[in-house]
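Make the full structure from the sequences, and use the hints.
Number of protein chains: 4
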Amino acid sequence: MAQVRKIINDPVYGFITIDHPLVMEIISHPYYQRLRRIHQMAFASLVYPGAVHTRLHHSLGAYHLMGLAISELRNKGTEITPDEELAAKIAILLHDIGHGPYSHALERKLIRGVHHEEISTLILELLNDKFGGELDLAIEIFKGTYHKKFLHQLVSGQLDVDRMDYLSRDSFYTGVSEGVIGYDRILKMLVVHEGELMVEEKAIYSVEKFLVARRLMYWQVYLHKTVVAAEKMLVRTIDRAQELTAAGIDLPVASPALAFFLKEHQPDGNFLRHLEKFCQMDDTDIMCTLKQWGYYIDPVLGRLSRGLTDRRLLKIHYRNQPFTDAEVQEKRQEVMERLRLNEAEATYLAFAGEAKNTTYNPANEHIRILFKNNRVADISEVDNALIMQHMAAPVKKYYLCHLR
Amino acid sequence: MAQVRKIINDPVYGFITIDHPLVMEIISHPYYQRLRRIHQMAFASLVYPGAVHTRLHHSLGAYHLMGLAISELRNKGTEITPDEELAAKIAILLHDIGHGPYSHALERKLIRGVHHEEISTLILELLNDKFGGELDLAIEIFKGTYHKKFLHQLVSGQLDVDRMDYLSRDSFYTGVSEGVIGYDRILKMLVVHEGELMVEEKAIYSVEKFLVARRLMYWQVYLHKTVVAAEKMLVRTIDRAQELTAAGIDLPVASPALAFFLKEHQPDGNFLRHLEKFCQMDDTDIMCTLKQWGYYIDPVLGRLSRGLTDRRLLKIHYRNQPFTDAEVQEKRQEVMERLRLNEAEATYLAFAGEAKNTTYNPANEHIRILFKNNRVADISEVDNALIMQHMAAPVKKYYLCHLR
Amino acid sequence: MAQVRKIINDPVYGFITIDHPLVMEIISHPYYQRLRRIHQMAFASLVYPGAVHTRLHHSLGAYHLMGLAISELRNKGTEITPDEELAAKIAILLHDIGHGPYSHALERKLIRGVHHEEISTLILELLNDKFGGELDLAIEIFKGTYHKKFLHQLVSGQLDVDRMDYLSRDSFYTGVSEGVIGYDRILKMLVVHEGELMVEEKAIYSVEKFLVARRLMYWQVYLHKTVVAAEKMLVRTIDRAQELTAAGIDLPVASPALAFFLKEHQPDGNFLRHLEKFCQMDDTDIMCTLKQWGYYIDPVLGRLSRGLTDRRLLKIHYRNQPFTDAEVQEKRQEVMERLRLNEAEATYLAFAGEAKNTTYNPANEHIRILFKNNRVADISEVDNALIMQHMAAPVKKYYLCHLR
Amino acid sequence: MAQVRKIINDPVYGFITIDHPLVMEIISHPYYQRLRRIHQMAFASLVYPGAVHTRLHHSLGAYHLMGLAISELRNKGTEITPDEELAAKIAILLHDIGHGPYSHALERKLIRGVHHEEISTLILELLNDKFGGELDLAIEIFKGTYHKKFLHQLVSGQLDVDRMDYLSRDSFYTGVSEGVIGYDRILKMLVVHEGELMVEEKAIYSVEKFLVARRLMYWQVYLHKTVVAAEKMLVRTIDRAQELTAAGIDLPVASPALAFFLKEHQPDGNFLRHLEKFCQMDDTDIMCTLKQWGYYIDPVLGRLSRGLTDRRLLKIHYRNQPFTDAEVQEKRQEVMERLRLNEAEATYLAFAGEAKNTTYNPANEHIRILFKNNRVADISEVDNALIMQHMAAPVKKYYLCHLR
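So the protein sequences, as listed, match chains A, B, C and D.
Here the first sequence is numbered in full-length UniProt numbering, starting from 1 and rising by one per residue.
Here the second sequence is numbered in full-length UniProt numbering, starting from 1 and rising by one per residue.
Here the third sequence is numbered in full-length UniProt numbering, starting from 1 and rising by one per residue.
Here the fourth sequence is numbered in full-length UniProt numbering, starting from 1 and rising by one per residue.
Be careful, since some hints might not be right.
Note that identical chains are pooled: a pair holds if it fits in a single copy or bridges any two copies.
[Stated by the list, open to error] DSBU-like, lysine-lysine: derived pairs with alpha carbons at most 30 Å apart: (1) Lys-130 x Lys-277; (2) Lys-6 x Lys-76; (3) Lys-232 x Lys-76; (4) Lys-372 x Lys-396; (5) Lys-6 x Lys-396; (6) Lys-225 x Lys-6; (7) Lys-277 x Lys-232; (8) Lys-6 x Lys-202; (9) Lys-356 x Lys-143; (10) Lys-202 x Lys-315; (11) Lys-232 x Lys-397; (12) Lys-263 x Lys-277; (13) Lys-277 x Lys-148; (14) Lys-372 x Lys-225; (15) Lys-148 x Lys-109; (16) Lys-356 x Lys-6; (17) Lys-372 x Lys-76; (18) Lys-315 x Lys-130; (19) Lys-76 x Lys-225; (20) Lys-76 x Lys-143; (21) Lys-6 x Lys-397; (22) Lys-225 x Lys-109; (23) Lys-76 x Lys-315; (24) Lys-202 x Lys-130; (25) Lys-356 x Lys-76; (26) Lys-372 x Lys-6; (27) Lys-6 x Lys-130.
Derived by calculation from the structure, the hints in this document are not laboratory data.
Quantities reported herein were computed from a predicted structural model and do not represent experimental measurements.
This is the structure:
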């Protein structure tokens with residue numbers, strides 16, 4: 001047998017098996033390997049030192065869950081051809097391929113005018129060319145244009161394998177064990193009914209637990225105030241660098257690719273020609289640059305950069321009501337006086353904003369329960385539901401961030 | 001109470017508690033924070049994608065185990081003062097502070113003439129100055145000059161908390177569950193007898209298991225042939241870069257600090273004045289530089305660098321007998337012809353060497369068993385020992401590495 | 001040192017340490033050892049085959065958590081004397097000492113007129129006599145009469161170590177991983193304020209998760225319909241046996257102690273004189289008797305008993321509305337015809353009832369959150385609470401159980 | 001679809017799936033359900049309180065591993081038909097069906113003249129009759145007469161799924177985490193070569209770890225001196241009961257089935273007619289009887305029985321040399337004087353013996369390694385083997401057991 005068969009150790013699932021040559025080729029491609037150098041959780045490791053896992057690892061994990069999900073659905077009689085299986089697996093493997101350095105934090109900041117999902121699509125199409133059209137079906141599933149809707153819902157939906165993997169993996173690597181979601185049980189309860197992905201009645205409690213675990217992960221980890229402070233600092237660091245650059249200052253930058261996007265790139269509706277350059281960047285370009293900016297003469301750029309490399313973060317306060325202009329202004333004034341900065345400069349070191357998360361929004365999210373009698377209901381509508389209408393409103397927290 | 005008390009989540013141990021202001025200050029120091037950017041296992045993540053944890057995380061873990069070990073010994077009547085406890089904890093916290101980028105792989109290559117333990121000592125002394133002598137006792141324990149020998153043995157010995165943490169942590173993050181060592185049971189069995197660290201009789205099987213697990217981790221992970229191939233490639237990449245530099249070529253380098261050590265630094269017996277610069281480097285400087293070298297015109301530097309960033313590694317063979325000159329030469333010839341290189345160049349892409357590991361060497365290692373009747377014996381001498389004399393000889397494997 | 005120190009392996013917590021001679025003596029007492037033979041989860045193992053752990057193991061686990069809780073509270077400045085610590089640990093160690101065979105299922109059935117907590121108190125006092133009054137303080141804490149209220153709240157309250165252990169242990173042994181509650185984080189967040197046990201503000205999400213996990217464990221495990229069917233069958237089996245006995249039939253019973261409580265014991269307000277006999281019973285008396293009744297000539301007793309020993313359970317239906325008399329009657333009629341029974345007999349094999357559980361009832365439960373500004377609020381009253389007023393109403397499910 | 005599909009939660013493997021009606025019927029049979037009441041580890045729970053899992057759970061686990069093993073072998077090109085798969089699964093499911101109460105301890109004691117594997121075969125044949133010959137192939141595989149030898153080797157051999165499950169499960173339930181064997185990796189490395197089961201070359205370290213873990217489990221758990229003391233006490237309790245019975249004394253016994261085997265049964269070469277009675281017994285008959293004997297007038301029977309129910313065990317010493325007759329006699333003398341017993345009686349309470357275990361015996365055990373070049377070698381013959389010739393000799397420990 002000329003069969004490909006590679007087994008990858010994964011602390012979360014034990015083993016991940018790669019058994020198709022096309023999957024192997026995709027994984028071996030430099031664009032995919034680049035994901036080794038993009039952290040899944042950006043600056044969360046400043047709070048949870050174990051959370052240094054990568055987007056490569058996450059997407060391999062999601063690929064593994066896709067295999068389990070498909071196998072479960074087939075056991076329940078849903079027809080999925082080998083081609084569809086392969087395509088769905090490739091779609092999830094590549095769902096994050098368009099992420100840039102410190103993805104969520106820097107999105108729309110470093111690369112203006114282009115969303116990471118557009119970049120993903122561009123890269124998918126580029127790879128499709130390279131692989132002679134073998135990714136056609138994967139792209140259809142990714143975009144949601146394929147007629148078997150449930151395959152797209154597995155890639156991107158309320159109970160998709162992306163979420164299942166990142167919640168499982170992030171809770172594993174942070175050590176926040178309450179974030180554990182019981183992905184295996186939910187997978188066992190998935191079912192396709194009238195072409196749509198649903199869960200069986202007996203999964204109700206597991207799905208409730210899933211939503212509550214997600215809520216907990218948001219507030220305890222993803223929107224942890226220290227993590228948010230670091231991400232906001234990074235955004236402001238890039239802002240400041242671009243401002244200084246615009247003023248004609250030639251800042252040191254660790255790589256030509258990052259230098260291009262920081263200093264030259266203008267959105268022009270034709271991102272395709274910058275794609276190769278984009279794919280040369282990852283978290284190391286940013287971090288290696290921040291280390292140099294930490295010694296730079298501009299006090300704003302220096303403080304922010306050193307703050308990130310040395311974990312000397314701005315102080316951040318959370319509360320349920322917005323901070324008033326006066327409150328923000330007071331902090332800014334302090335900064336101006338202490339560091340002898342003007343107000344524009346002080347704004348980089350004292351600012352306010354909001355963080356929000358919605359536990360479950362039945363308006364645009366749909367976790368459908370299939371009852372034994374074939375009735376279908378949204379999880380927010382079942383008797384004695386824990387997940388209720390009032391959860392549709394996002395929970396907001398307001399923050400004030402300032403120099404210590 | 002003005003008590004410091006910080007709880008850090010750790011997926012391996014649950015929680016790590018920091019409860020002394022000096023420990024907090026050390027952890028907050030930029031030299032320590034730098035360890036966030038040095039991977040504990042260098043290129044092992046090319047085989048085990050989960051193994052991306054950092055030296056910061058490892059040293060926090062070892063610090064945690066030190067606390068447990070001290071508490072166990074105290075429960076058994078060994079006197080350890082609060083100052084000694086603090087010092088031992090600081091010694092282990094800082095035991096890896098002198099590691100540079102891709103530590104084991106690049107040691108003695110990037111910084112010639114200085115060993116990482118010398119650098120650790122220099123940094124410890126520098127920090128001691130900064131902290132007004134508060135690290136005196138920690139340094140004594142670190143160096144092994146303190147009269148309570150067992151404290152040094154906990155930092156660096158056959159059953160030290162360094163090994164216990166790295167074996168536990170590395171097996172956790174790689175997912176190689178057979179590497180699990182049962183650190184908690186061994187800790188419970190530690191005992192101090194006549195000033196030396198030993199284990200109680202009933203720990204024999206656990207210690208055997210520990211040694212076998214370590215043996216397994218070496219051959220399955222640390223000396224995994226793919227990992228070894230990557231490390232050897234990195235060494236040769238640096239060699240080639242230094243050769244090209246010596247030939248007057250000005251290679252791009254991501255940071256001034258790395259540029260200094262690659263291009264200018266000469267061992268001069270006074271490393272202290274370069275320490276600050278040394279501490280600006282970490283894995284990101286190397287990786288960000290490799291990405292640029294991957295596009296460089298020199299085919300040797302280009303292939304090696306791209307090989308590391310894109311995981312297109314040299315092929316590697318392991319066997320129990322050395323490869324002959326003829327075998328190596330044959331591979332070199334192939335490379336010369338395929339890439340039109342001269343022999344010196346081809347040597348970078350086809351070479352041989354050896355990897356070795358000793359399971360237990362009673363000549364210089366000592367795991368002492370304390371029997372109930374107060375008899376002390378080396379573990380290799382107990383009845384029915386699994387760990388025998390013949391294990392004193394190192395197991396060697398010979399490799400041949402060459403372009404695919 | 002004449003110190004007692006025994007380490008017990010526990011798969012849930014790693015190690016449990018016994019380090020006081022009085023605790024050791026209590027554990028060694030036959031009344032405590034009897035708990036080895038009472039399953040923690042009665043018939044849950046018919047659904048979850050791993051759930052065969054014992055009340056002895058659970059109470060050792062709760063004892064372990066009590067130690068951790070006390071140590072945390074002390075670290076936060078709450079004064080707890082060594083005597084109080086010992087007493088609190090003993091109180092929790094013995095909190096289940098009064099359980100009889102198949103405790104929850106058979107309570108108030110086998111021993112009429114006496115509640116298991118009364119029996120616990122009687123046994124505690126008996127042991128206190130034996131140990132020369134050394135259990136005085138433990139009894140005060142157990143009963144809630146000791147002035148440091150929080151100690152009783154740790155034994156029996158909304159966040160007591162009893163619940164923390166049984167939820168952790170039951171989810172561990174059933175393999176229902178979503179039931180995991182993160183006991184370690186909650187313990188770290190406990191605090192005593194104005195003499196009462198509370199949790200710190202940052203524990204809100206963990207406590208929410210705890211309540212949701214408990215809710216899940218109730219419906220997925222404790223009130224799993226198959227488990228409920230088995231428990232109801234056991235109750236009816238005992239009913240039938242007592243009815244036959246009352247009719248003068250001399251049923252075989254595996255032990256004299258069980259024979260006494262089945263055939264002779266009458267509630268007389270003086271249970272103390274039966275205590276020794278009571279403590280001779282455990283799950284094996286019941287199971288060994290059921291095996292004999294399975295061959296007995298009475299078809300009702302035979303079917304019920306064999307159903308339990310051979311896992312041929314009655315069929316059970318759950319729904320949100322009560323079953324009507326007509327529905328129950330129909331099933332009963334079927335049984336009467338099939339087995340040629342009279343209606344009274346058929347009632348044992350076809351019956352209805354209800355199972356209920358309350359997620360969080362702020363009326364009588366109190367999980368208090370201590371905010372940073374020293375404000376105290378019930379968890380149901382914090383902003384954006386998941387745990388709301390409407391959860392005060394118990395969730396009820398109605399069942400209909402009948403011969404297949 | 002009339003498909004059977006039942007998912008069972010297992011804390012060790014997550015989920016076990018039953019997907020064939022015949023397997024379901026076998027599991028539902030009272031003979032199989034009886035295994036719920038036989039502890040896998042007999043008295044090990046006296047030392048490891050978590051180790052109360054049952055033979056039913058173990059055999060379900062082994063069945064699960066058989067499915068994984070077969071699926072791996074098929075992936076590697078070994079042909080295994082669906083009928084063979086089903087038969088191999090049934091063979092392992094029923095491999096322990098012949099165990100009686102406190103199996104290993106009481107074997108050849110309670111049922112004299114018949115080995116538990118003979119009883120297993122008898123029961124297999126009885127079930128085969130009941131199921132109309134559907135177990136024919138399973139019986140062939142069980143007995144080792146089927147031409148595909150590797151299927152029998154999976155049921156019973158050096159790397160069979162029975163061992164893999166019991167080592168995994170026993171280490172899980174005892175909490176002796178060093179016993180963990182990495183079953184999943186070994187399963188991935190299984191291969192069939194020339195009709196025999198082997199492991200691939202790269203599994204060498206895992207198999208070494210497996211053997212060392214097994215060695216550890218033997219000495220730390222199965223042959224733990226306290227466990228051995230309890231088992232020897234049980235044997236002597238039965239001996240004494242049979243002696244008293246032979247002397248005409250009518251001891252109380254909890255069940256008619258146990259009474260028959262204790263008092264009446266004589267080996268007569270026709271065990272088949274006692275099979276039904278045999279299958280009525282389990283651990284509860286013994287335990288419920290011991291509780292009654294604990295109050296019996298005979299001091300030997302009383303002490304031994306109470307010792308087991310109340311965990312007041314005989315004292316046991318282990319050493320590497322046999323105890324001399326004089327040493328044993330001295331202890332016996334003490335007992336005679338203290339309890340005013342004659343020598344024959346004292347022998348029950350003071351006796352010596354031996355416990356032994358062989359790490360790896362290449363003479364009759366064969367773990368074969370398949371090298372990449374198709375060479376096959378026994379694991380004890382590979383280069384640098386940890387598992388050596390000298391391990392062929394059993395390790396013996398000698399014990400002396402006596403009243404405290």
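Outcome of the hint check:
1. Lys-130 x Lys-277: Classified as within: same-chain Cα gap 17 Å, cross-chain 44 Å, threshold 30 Å.
2. Lys-6 x Lys-76: Both. Shortest intra-copy (28 Å) and inter-copy (12 Å) distances satisfy the 30 Å Cα cut-off.
3. Lys-232 x Lys-76: Neither: 46 Å inside a chain and 33 Å across chains, both beyond 30 Å.
4. Lys-372 x Lys-396: Close across copies (19 Å), not inside one copy (38 Å); limit 30 Å.
5. Lys-6 x Lys-396: Result: close only across copies, 27 Å inter versus 45 Å intra.
6. Lys-225 x Lys-6: So Lys-225 and Lys-6 pass the 30 Å test across copies only (16 Å; inside, 41 Å).
7. Lys-277 x Lys-232: Answer is both; intra-copy 25 Å and inter-copy 29 Å each pass.
8. Lys-6 x Lys-202: Close across copies (13 Å), not inside one copy (35 Å); limit 30 Å.
9. Lys-356 x Lys-143: within (27 Å within a copy, 45 Å between copies)
10. Lys-202 x Lys-315: between (45 Å within a copy, 17 Å between copies)
11. Lys-232 x Lys-397: within (15 Å within a copy, 49 Å between copies)
12. Lys-263 x Lys-277: So Lys-263 and Lys-277 pass the 30 Å test inside a copy (14 Å) and across (27 Å) alike.
13. Lys-277 x Lys-148: neither (35 Å within a copy, 58 Å between copies)
14. Lys-372 x Lys-225: Close across copies (16 Å), not inside one copy (44 Å); limit 30 Å.
15. Lys-148 x Lys-109: The answer is neither: 36 Å in one copy and 56 Å across copies each exceed 30 Å.
16. Lys-356 x Lys-6: Cα proximity of Lys-356 and Lys-6: across copies only (26 Å, versus 41 Å in one copy).
17. Lys-372 x Lys-76: Within one copy only: 14 Å inside a chain, 39 Å across chains, cut-off 30 Å.
18. Lys-315 x Lys-130: Answer is between: at 25 Å across copies they meet the 30 Å cutoff, but 48 Å inside does not.
19. Lys-76 x Lys-225: between (44 Å within a copy, 23 Å between copies)
20. Lys-76 x Lys-143: within (26 Å within a copy, 36 Å between copies)
21. Lys-6 x Lys-397: between (45 Å within a copy, 24 Å between copies)
22. Lys-225 x Lys-109: within (21 Å within a copy, 41 Å between copies)
23. Lys-76 x Lys-315: Result: close only across copies, 24 Å inter versus 53 Å intra.
24. Lys-202 x Lys-130: Cα proximity of Lys-202 and Lys-130: none, with 45 Å in one copy and 35 Å across.
25. Lys-356 x Lys-76: neither (38 Å within a copy, 32 Å between copies)
26. Lys-372 x Lys-6: For Lys-372 and Lys-6, the Cα distance is within 30 Å only across copies (16 Å; inside one copy 40 Å).
27. Lys-6 x Lys-130: within (23 Å within a copy, 45 Å between copies)
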